[in-house]
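*Asks:* Here is what each chain is made of, one letter per residue.
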Amino acid sequence: MTPILELKGITKQFPGVLANDHIDLRLEKGEILALLGENGAGKSTLMNILYGLYQPDQGEIWIDGKPVTIQSPSDAIEAGIGMVHQHFMLIPVFTVTENVMLGDEVVKTAGVLDRQTAAAKIEEISKTYGLEVDPHDYLRDLPVGVQQRVEIIKLLYREAEILIFDEPTAVLTPQEADELFLIMRSLAERGKSIIFITHKLREVLDIADRIMVIRRGKMVGETMPEQADKNSLAAMMVGRDVNLVVEKIFQEPGDIVLEVKNLTVADKFQNVMVDNVSMDVRAGEIVGIAGVQGNGQTELVEVVTGLRKLESGSVTLFGQDISNTSPRRITELGSAHIPEDRQADGLVLPFPVAENLVLCTYYKEPFSNGVVLRYDQIMENAVKLIEDFDIRTPNALTPVGSLSGGNQQKVIIARELSRPIQFLVASQPTRGLDVGSIEYIHSRIVQKRDEGCAVLLVSPELDEIMELSDRIAVMYRGEIIAVVPNRGVSKEQIGLLMAGVLPQGDIPTDENIVIEATF
Amino acid sequence: MKKEEQEKNDLGKAFFRKFNKEDGDEPKEKKNFWQSISIPALAILTGLLIGAILIVLTSPRVYEAFAQGFLTGIGTAFNEVYVSYKALLTGAFGDIGKIISALQSGTPHQIRVAINPILESLVVSTPYILTGLAVALGFRAGLFNIGVEGQLFIGAACATFVGYSIKGLPGFIHMPLALLAGMAGGAFWGFIPGFLKAKTGGHEVINTIMMNYIAFRLTEWLLTGPMTRQGAGSMPVSPVIEKSAEIPQFFPSPIRFHLGFFMALAAAWLIWWLLFKTTWGLNLRTVGTNPRAAKYAGLSTVKTTIMGMSLSGALAGMAGAVQTLAINRSMAIGLSSGYGFDSIALALIGNNHPLGVVLSSLLFGSLRNGATRMMVVSRIPIDIVSVIQAIILMLVAAPGIIQAIYHLKDLKTGDNKVFLSGWGGKA
Amino acid sequence: MRKKLVFIISLLLVASMALSACQKDAAPAVDQPVTEDKVKVCQITDTGGIDDKSFNATAWKGILDAEGSLGIEGKYLESQETADYEKNINSFIEDECDLIITVGFLIADATTAASAAYPDAKFSIVDYAFDPALPNVVGQIFETDEAAFLAGYLAAGVTKTGKVGTFGGMQIPTVTIFMDGFVKGVAKYNEVKGTNVEVLGWDVEKQEGLFTNSFDDQQKGRELAISLMDEGADIIMPVAGPVGIGAAAAIQERGGAYFIGVDADWALTNEKYADITLTSVMKLMDATTEAVIKSVIDGTFTGGNVVGTLANEGVALAPFHNLESLVTDEMKAELEQLKADIIAGVIVLD
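Going down the list, the protein sequences come from chains A, B and C.
Residue numbering for the first sequence follows our numbering, beginning at 2 and increasing consecutively.
Residue numbering for the second sequence follows our numbering, beginning at 16 and increasing consecutively.
Residue numbering for the third sequence follows our numbering, beginning at 2 and increasing consecutively.
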């Protein structure tokens, strides 16, 4: 049988980087092919070539056994290729129908839009493939998962046969991701062919029919999910064996470093975001805050780091009251903060790496004498940290925005962890990063904990919380509903707590597990 | 474990080598230089070419010549352009033949007249440099200061007032005092929208525009009322400033070249130093580029916004002060040909960098100065130069056009990105 | 397509270079287009520009007239800001102009300075008088209130509502002198006929009134004209250069009201509004400018001030053109008599 899509020897050279090096790829009809690779491995370049955004320097694209040239996205759509982008290309103030029609409008006489016909077609598509969505809803009212469905419908509406999903789960909750997988499966069963780009190993093993691994622009391996496991895939991706489990030795926690008492925080509309929360973090331990995103973790972190004002309650750091204190003073007390959104909060993207590495300390010795910056010291610091933290950058003067996500995060990690700190707030420290970077960042955080630093870790990724934390606090609707030591507790138990289900008496049988419910 | 670390570090080093050595520092730098210069250079060339077409289309002599015959018409058209641009060039930089013969003649007046064009270009560039710096500084702080024109008017009014009302001071005190008064006035006019932005979130674009209107009407009122010249019959013109308040001109008439030009260069250097060498500058640039990260890093956006806007206003006020103290010697309506608005263009062409602002100001100043000569010689209206300037600006702001016309490779340089984000980014 | 464009542009470039290179040898004189011994008269505008429909344009018309009648060569430079005045004068000094005409009180300082620096050069300034007079400058000023007086008398006779209006561009003497004369003319009519015609927009006693504070924003002229009409005025005289166009447009749209132009004869310069233009208070700067040029050619040029009056026809009331029918023969006779009285000094304004 002819494959529906074949790429033959695709090569693409960017200045200084060989993004794709003679890549061959074959996609059968009705197949889900996972394309696995680290950030910057060349997956996106390859797909952009397929989608007409780049032209390959060499190589051919064959569809249904015929060579084609794709010079633009409209050529790609013509050829039956559709792409679900990581960042949706949708207009919030339009309805589902209008969004789907956009660019392929059905018109009645005199150019009047025929919304009815389009809406009927959308309903038919959504029924066929199990993509539940109301064509008349406005996009801005829909949750992210449903918005993604609209993107998929857009492709099906244009009768795409080959669907490319670019990191589709990056923006989804675990539940939404599971729903997406069901949809992908149903699409494949109805004869659509899917390329699924990801760096998440679990997803690949769950959903793919076949797995291809790309590394540094080269196709380095092909396997079936049945023959692979996380470790083998990680090794293929990174090119060496990877420690997926951080080695961590139990240690007795020290004094209380951070103490939060009856903390209540409201947003600007006076909605209570953090509700009467009390907790503490001790020296030499990692306290992980688990919870589905949007349950008050962000606000809690912002109060602790001085970025947000509290309504009532108190926050004490090293025995000093830091309620409504400036971020700079909190930093100067010996704390560090890895922010949730690294590009928005943690970095100044157009600035060089060197300046970003002193973002919180540039005004102090040795980087400044109070007035004038000492660039020799700043550069020296940068060169040292680039080396120490293995930040892959052309040089210290490269704008940080041109680095990959993982290396951007390393810049933050280097800046925050290189200071003599006693308290670290790590908010989603590995969001959107690849296996290699995650491994590295995890080991750095644990290293800090081993040195006696108190760590407050916030992450919606339950795996991460389970791997790193000494204690786990579960946040649900602004409250901490349970704090449990991370010994013997199961993922399912925490998962239930995250959904707001408090355990009945019979669940924690292990004596070591103490549920400290706050109400 | 250890071994892996080692391996990884080597890998990092390999990366370093790859980027630093193999691609080679030197050719890359060179390439970047030519890339960053190619767009403005081609934009200027294209602007002049389109200007040439306009000159031909607006010249009645060309139409007359075409009536006589096609070849005569073409010849006249090229001649017209040649004469116009030659006048533009000699008007801006002087006529080499004239300079040589003047030097040979040795008559001081003739020499002065011969070298005047290039010095006059510097004179015309001076307010461009200062206002361009004002806008660039604002952009660096994430503020779009459209109020430069109003700040310039207030600065001029303050400097003029100090210039004529205080008498009997020695020059080395009076002139700096008047200049400082102008800067303070401009700073105050910038402070108000800065304060409103920082404390209430009132958008600086709207507030600076409103402050412009207030400044225009206020200065008109001042000039016909409290600051009017006795015996001028309530004409909107101020008294002439004291000799001691004048910014000295270096040569006798007709050369107007004055100390203010060097003050503008000094201001450019100072702004560069502040922006790129001091903690204050890093602070300002951080707030301007990413206010959220600034907050995260513990910086005060309030202080920085107010400071940035005030300093921007001070530069604009200095432009007004220099114009009145060095050139006009009194203030009247019609003080500015729109420096406050041209300066936005200059800051953008100069990529919000002090050196870039100085260079683009020199270009615009020379063009405008040369235009006078062009008008004298060939009756080409001075407006043609405004059109050429506008075209150059559009081409620089939309590099895609230049790339398309000259079939350049897509230049995705970092510079362009900064340039564009400076324009609309943080509004 | 692109390649073609590049090719064409390159071709044009090369051709222009080649041609201009030839031109250098072939026609070296083209650099100075006119090199005969024509008298060179050079005008420097104020920031209003050459086509301000006001004194800059009128003075330039005088030069153009002189080009025809006296065979001179005229040139002008537009000033964009105050700093340009000195620069432009210097440019013309360098260009060896025989007479430099500056326009407006704002250039007075620069003209004074230049006249001292270049005692051999000849200057004339429009709308400004030096006191004491300078030896090489002719100041041209105008008793426009004389003509405006006639316009006011006429307006008072023609109005049906008993209200007439005026407004100025800016409260400066060269503007308010029109308004003074206009109000006095209306008062004269009231005195003679025992009527009670009101003038809106200017109070001679208090020297207060309506101003647009702009000589180029036509919208403001429109707004003021509309509000004057709302107040009942049916004849309006805007003294604000091109801002008057906005007023004329507003009057034409509403109808039932008339317009009095200033400076030039608006029925001729703005034909579009000829049907509503009752008359114009002409300030004949072109005539006085032409006279100064003539004195340069004749060699009779001396510094001093020239005052345009009804007597020397430096100011005048324009013909009524299309609205002739509105003006009774009796009124025409009265206007002639008033003019004679002013010239004779029987009626004294001030």
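Just so you know, these hints were derived from the structure itself, not from any lab.
C-beta: ideal position from N, C-alpha, C; glycine also.
One should not assume that every hint holds.
The list that follows gives simulated cross-link-like pairs (lysine-lysine, DSSO-like), each with its CA atoms no further than 27 angstroms apart [to be verified]:
(1) Lys-365(A) <-> Lys-182(B)
(2) Lys-310(A) <-> Lys-292(B)
(3) Lys-269(A) <-> Lys-214(B)
(4) Lys-310(A) <-> Lys-318(B)
(5) Lys-214(B) <-> Lys-385(A)
(6) Lys-269(A) <-> Lys-310(B)
(7) Lys-318(B) <-> Lys-214(B)
(8) Lys-273(C) <-> Lys-41(C)
(9) Lys-207(C) <-> Lys-62(C)
Short, incomplete list of chain B residues facing chain A, as computed with Cβ under 8 angstroms [what the hints assert, rightly or not]:
(10) Gly-183
(11) Lys-292
(12) Thr-301
Covered stretches of chain C, going by a simulated chain B footprint (3 or more residues, C-beta under 8 angstroms) [claimed, not checked]:
(13) 59-68
(14) 315-325
*Asks:* Decide, hint by hint, whether the structure agrees.
*Replies:* Status of the hints after comparison with the structure:
Straight-line distance between C-alpha atoms of Lys-365(A) and Lys-182(B) comes to about 47 angstroms, which puts the hinted pair past the 27 angstroms bound. A distance of roughly 34 angstroms separates the Cα atoms of Lys-310(A) and Lys-292(B); the hinted pair therefore is violated under the 27 angstroms criterion. The straight-line distance between the Cα atoms of Lys-269(A) and Lys-214(B) is roughly 17 angstroms, inside the 27 angstroms bound, and the hint therefore holds. The suggested pairing of Lys-310(A) with Lys-318(B) holds, with an alpha-carbon distance near 19 angstroms, which does not exceed 27 angstroms.
Restraint check for Lys-214(B) and Lys-385(A): not satisfied, since their Cα atoms lie roughly 40 angstroms apart, outside the 27 angstroms limit. Between Lys-269(A) and Lys-310(B), the direct Cα distance comes to roughly 18 angstroms. Compliance with the 27 angstroms bound is thereby established for this hinted pair. With a CA separation close to 10 angstroms, the supplied pair Lys-318(B) and Lys-214(B) stays within the 27 angstroms bound. Taking the CA atoms of Lys-273(C) and Lys-41(C), the gap is about 35 angstroms. The hint is violated against a cut of 27 angstroms.
At roughly 36 angstroms between alpha-carbon atoms, Lys-207(C) and Lys-62(C) are farther apart than 27 angstroms, so this suggested pair is violated. With its C-beta approaching chain A no nearer than about 37 angstroms, Gly-183(B) sits outside the 8 angstroms limit, and its interface hint is violated. The beta carbon of Lys-292(B) comes within 6 angstroms of a beta carbon in chain A, closer than 8 angstroms, and the hint placing it at the interface holds. Hint on Thr-301(B) holds. Least Cβ distance to chain A is approximately 5 angstroms, under the 8 angstroms limit.
For a cut-off of 8 angstroms, the count of residues in the region 59-68 of chain C with a CB near a CB of chain B stands at 0, and the three-residue condition is violated. With 0 residues carrying a beta carbon less than 8 angstroms from a beta carbon of chain B, the region 315-325 of chain C misses the three-residue requirement, and the given coverage is violated.
Checked against the numbered hints given earlier, this structure breaks hints 1, 2, 5, 8, 9, 10, 13 and 14; the rest are met.
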